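Protein chains: 6
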Amino acid sequence: MTPTIVRTLARADPDAISRLGAAGVATVHEAQGQSGLLRPYMRPLYPAARAAGSAITVLCGPGDNLMIHAALAVVRPGDVLVVTTFSKSSDGMFGDLLAESCRAHGVAGLVIDAGVRDTTEITALGFPVWSRAVSAQGTSKTIAGSVNVPIVCAGVSVTPGDVVVGDADGVVIVPRESVPSVLPAVEQRLAKEERTRARLKAGELGLDIYGLRDVLSQRGVVWRD
Amino acid sequence: MTPTIVRTLARADPDAISRLGAAGVATVHEAQGQSGLLRPYMRPLYPAARAAGSAITVLCGPGDNLMIHAALAVVRPGDVLVVTTFSKSSDGMFGDLLAESCRAHGVAGLVIDAGVRDTTEITALGFPVWSRAVSAQGTSKTIAGSVNVPIVCAGVSVTPGDVVVGDADGVVIVPRESVPSVLPAVEQRLAKEERTRARLKAGELGLDIYGLRDVLSQRGVVWRD
Amino acid sequence: MTPTIVRTLARADPDAISRLGAAGVATVHEAQGQSGLLRPYMRPLYPAARAAGSAITVLCGPGDNLMIHAALAVVRPGDVLVVTTFSKSSDGMFGDLLAESCRAHGVAGLVIDAGVRDTTEITALGFPVWSRAVSAQGTSKTIAGSVNVPIVCAGVSVTPGDVVVGDADGVVIVPRESVPSVLPAVEQRLAKEERTRARLKAGELGLDIYGLRDVLSQRGVVWRD
Amino acid sequence: MTPTIVRTLARADPDAISRLGAAGVATVHEAQGQSGLLRPYMRPLYPAARAAGSAITVLCGPGDNLMIHAALAVVRPGDVLVVTTFSKSSDGMFGDLLAESCRAHGVAGLVIDAGVRDTTEITALGFPVWSRAVSAQGTSKTIAGSVNVPIVCAGVSVTPGDVVVGDADGVVIVPRESVPSVLPAVEQRLAKEERTRARLKAGELGLDIYGLRDVLSQRGVVWRD
Amino acid sequence: MTPTIVRTLARADPDAISRLGAAGVATVHEAQGQSGLLRPYMRPLYPAARAAGSAITVLCGPGDNLMIHAALAVVRPGDVLVVTTFSKSSDGMFGDLLAESCRAHGVAGLVIDAGVRDTTEITALGFPVWSRAVSAQGTSKTIAGSVNVPIVCAGVSVTPGDVVVGDADGVVIVPRESVPSVLPAVEQRLAKEERTRARLKAGELGLDIYGLRDVLSQRGVVWRD
Amino acid sequence: MTPTIVRTLARADPDAISRLGAAGVATVHEAQGQSGLLRPYMRPLYPAARAAGSAITVLCGPGDNLMIHAALAVVRPGDVLVVTTFSKSSDGMFGDLLAESCRAHGVAGLVIDAGVRDTTEITALGFPVWSRAVSAQGTSKTIAGSVNVPIVCAGVSVTPGDVVVGDADGVVIVPRESVPSVLPAVEQRLAKEERTRARLKAGELGLDIYGLRDVLSQRGVVWRD
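Protein chains in written order, with the numbering used here: chain D, 455 to 679; chain C, 455 to 679; chain H, 455 to 679; chain X, 455 to 679; chain F, 455 to 679; chain Z, 455 to 679.
For reference, chain D alone in the conformation it holds in the complex (with noise of 0.2 Å):
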């Protein structure tokens, strides 16, 4: 495969990214089917990040930050960041002067199965971050990859586009086909949940709002004292 930048990507609706980024990622993850998250070992930088945007995908060497200075030339603001490695690495490809340039050019955010570093300025910055590591070892800028190519970025099929949400739960990825169909199903879900609520704090039980004694049942489970 011929490494490749492509400048060009369709992007889902604005409005749509910002309601599935206000539900969340548990939210969005359950809507669409219990598929699209990434790996847990993926943390926030910090526990209040969050972001929601269009991906741009980066195919880079282990601990090589070539690909991610290169899709600084093809970003708009609102979109995010989606980087992966050939080979593993927890090198901190990612740093202060990364983030600054991404906030220049209005990046949301970084989702990085790999490392990143200066994390006290990044987190003074506010740039919201999801990474596997956080390594402050050194990184190269010299090996060939991709950008705006289809990508597995922690275990997940990403393609340039694709929604990406984040918060302190994680990272979630909605195809953009899919966000029309997803995006009912998200709210109708936050209005159950909402209902669902109400009642758990009144303190109803989860074994009869959900019909689970009967599940209890079928599946031999027996009471005693």
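Hints in this document: simulated from the structure, not taken from any laboratory.
Predicted model, so just to flag it, every value in this text is computed and none were measured.
Watch out, some of these pointers could steer you wrong.
Simulated pairs of lysine-lysine, DSS-like, Cα-Cα distance not exceeding 27 Å [unchecked claim]:
| id | chain 1 | residue 1 | chain 2 | residue 2 |
| --- | --- | --- | --- | --- |
| 1 | D | Lys595 | H | Lys655 |
| 2 | Z | Lys646 | F | Lys646 |
| 3 | Z | Lys646 | X | Lys595 |
| 4 | D | Lys595 | Z | Lys595 |
| 5 | C | Lys595 | D | Lys646 |
| 6 | X | Lys595 | H | Lys595 |
| 7 | F | Lys646 | X | Lys646 |
Over the 12 Å line for every Cβ pair with chain D, so calculated as not near, a few chain F residues [claimed, not checked]:
| id | residue |
| --- | --- |
| 8 | Leu463 |
| 9 | Arg497 |
| 10 | Pro531 |
| 11 | Arg643 |
Yeah, the Cβ is synthetic: ideal placement off N, Cα and C, and Gly gets one too.
Fit chains C, H, X, F and Z to the given chain D structure using the hints.
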């Protein structure tokens, strides 16, 4: 083994539970002969999490929270849910709705050798949780398991009604029948630590306070410039 | 090898140590040719932890802190304890009493390739710690080891008197004899980063600042829409 | 808890033990309701390792084999040593000398949630071992522990006298009092597997043999070309 | 996404598949530009395992093998099952009965990002398997999933009909549409390796054969005695 | 640090190396005071792998084998390559072509804290290898590093010319200057093990041979029925 939900259990004295909780995990663990500590991969969801209560044990299928719902039918205020799975899982088996339900029934905390989600909401609620992972991965409510049977959680045997103490250092289990003997040992240790702390703050060396210079020379350790 | 406690060591210039500390881990690591970084599993106990000092090396048995007590007999204000074990351990070999003792003797921080406990108290004390784990697991004070001999800690050779710098990004070791050459490189790098940061904030691309467009084309990377 | 060596224990019927051993780990685990399996990180030292016997439980300090020596004073021919440590360790606590001693006393095998060494010699001897690691790391003989008290090994509770079955698939524990009920379930399962194997070899599908086509359609799985 | 079993798929030319298989994983991976390799935690069950075939993709619930049974209804001789799970699992989802069924239908091998069991029997059968774990942990046959939809297995995207090659080095995926271009690259590489091997056996240095002395000096590497 | 290839080094006496190799890893590690053992994740490629030689140290970029090629220009018959990387990698940096080259130059084995590939061919060749992983992941030949400078490999400091001993139990390093003192300790230990083995085979207990009954009672261990 028939899957079973046991409704009743003997609990330790509430005052004893509360004094163990105040002493904290490290002190309780030492006072009962360095035993009962859950593996250190069990981490609090937020640093200020702190809880002590009687263990309600819950054995679930991996990625299934049916039995957590069942457990809420038998809890009493002050209990702590201690959840494990048949086989290793990091799926998000507990979220903010279950946390609300726990709150409504007076549950004092959750210890789960699996994943949790809705972590922002649970933290805002101030509900103490210790888990092996944060993950939004959705789960089912269909697999039979048991409540209030003896289980192994994160490497430690837990019998229903054992005392669970959790803080920033992790989680320790005190067998219910050991509480009467552990409690005085805890308070003796607290008093002794207080005296040692004062001496260390004044600049005395542990070598002298604990008589370790002899240990060093018995072990053949030499001093040189 | 006879277990030995060495009382004396050469230390780097205090002003140099303090300037390395101010520069931070990522910059120091880069300035000395991307070397000396401890493995990224070494994490600070709290995000604001920051320290720089002369390494007092400590080699302990797994789950035994006898030699940490011994090390406190030879520290001087501004030193950093760098602790490793014969075989891998995550036991809580250091707690708040030892932290108080460190404070009383002016120790600037702790780097330990094992576990720590009493983390709430140590955090409240503001004593900076980097460790591989948090664990309340109790330890003994009986196994012979050494103080101020060359050790390997988290993958890096440390000689007594080397400069240790720790912050939110991890821990880096600067060999004492390299300090005079590393320090100017650090300051040059800081100045250069400052200039680059300004350009990136203004919207210039790393591709242009670092001349990476040529690298991309030399590596055969193609651009397309 | 006072460290204790218990000399006597009830054992299961030798013929039952031998029939459980012949059935193998996977079948026994299924027959007792998918329970009792040690975590899969427990691997045999060599692929042909196979053993069944009564559990002699051994609780050791990490990196210390004093209590394994003590256990050899209470074993009987046909017993299996089941060893765990207070805190996680991979040190080589068992080598060829202990294997010779086991052989001399008729011990049928070793299950150890830690490391072993002298693996060439132990393999040549044909002494079956399951461990979490191979490591030559030397150990001590100085830490008090217990023999024949209830322990947790690799995630499973083991009571002295429980039946231990190990083969290339891992290790399973059958509580002694369950043996009479598990054994017929094992033999029923073996017979059923034999019949199913014949049908599968003849080309029938599991979908038809197990009635899974209905399960698929109940779950909403659709077929298409 | 509706769970779906797709019955039909395009396959690569059988002769091409067999030539890719003969070339082996390392060579195929290099020839297609160092891409397509499954994560190295995927290990063969026995060292002589070797297979090449068309991917039948299978997406299962964790610890559930319903969809493997479904996949056997759509395989053709020479296919390789490539199985993954919604969330990480090491349970033993495949055993000797399924291996017999695979054999009866001409399946050439199994690649599963989960566990397998009955490993002695599968090895005796000579059925090639690559997995992340060996585990006897029992599973269910109740969770809906899909067959022959695009999946991610061990970090790599797999489309039904892609060519799967496995040997002692691991597993590599060749996208079906790349086969015509990868095959000549493979054969060119084999020829070149043959020539290089002869020169290296004769004592020539890689430094000279690959022109690396220049690379060393361009990179500033110095030689000294 | 300027990347450097050092051509010359002092080596230990060949006869001493061969006697250390014959004694094996566990014995050598014990005889030098339980030190020098590489972390147990370093495993032989095949169980019969066995080697002893003088360390040629090689420091590479992650996923790059340029410096292994350079090292082959300075090896002498009987040397063992000891390879590490700047940051953690499991890529397959060594394959059958390099193994042939090693053979042609008399290299006695390879110890690499990274991955290897072409494992079938290397095993057939009988070239002994210890590594952290098997991986076909392709690598580059472009990153500057060093040969014959002090390195840390798998947690242990290695100086060029140190003696490396590897067998089925792992790998141990004997500092060159310690060889004269370690060798007699090794032989003493071998003799003592021989005598102990005879006594254990005859049924004597380690408790009696090592005087451990006293240790047990000093530690407060009680015996009961």
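Hints violated by the structure (listed by number, smallest first) | 2, 7
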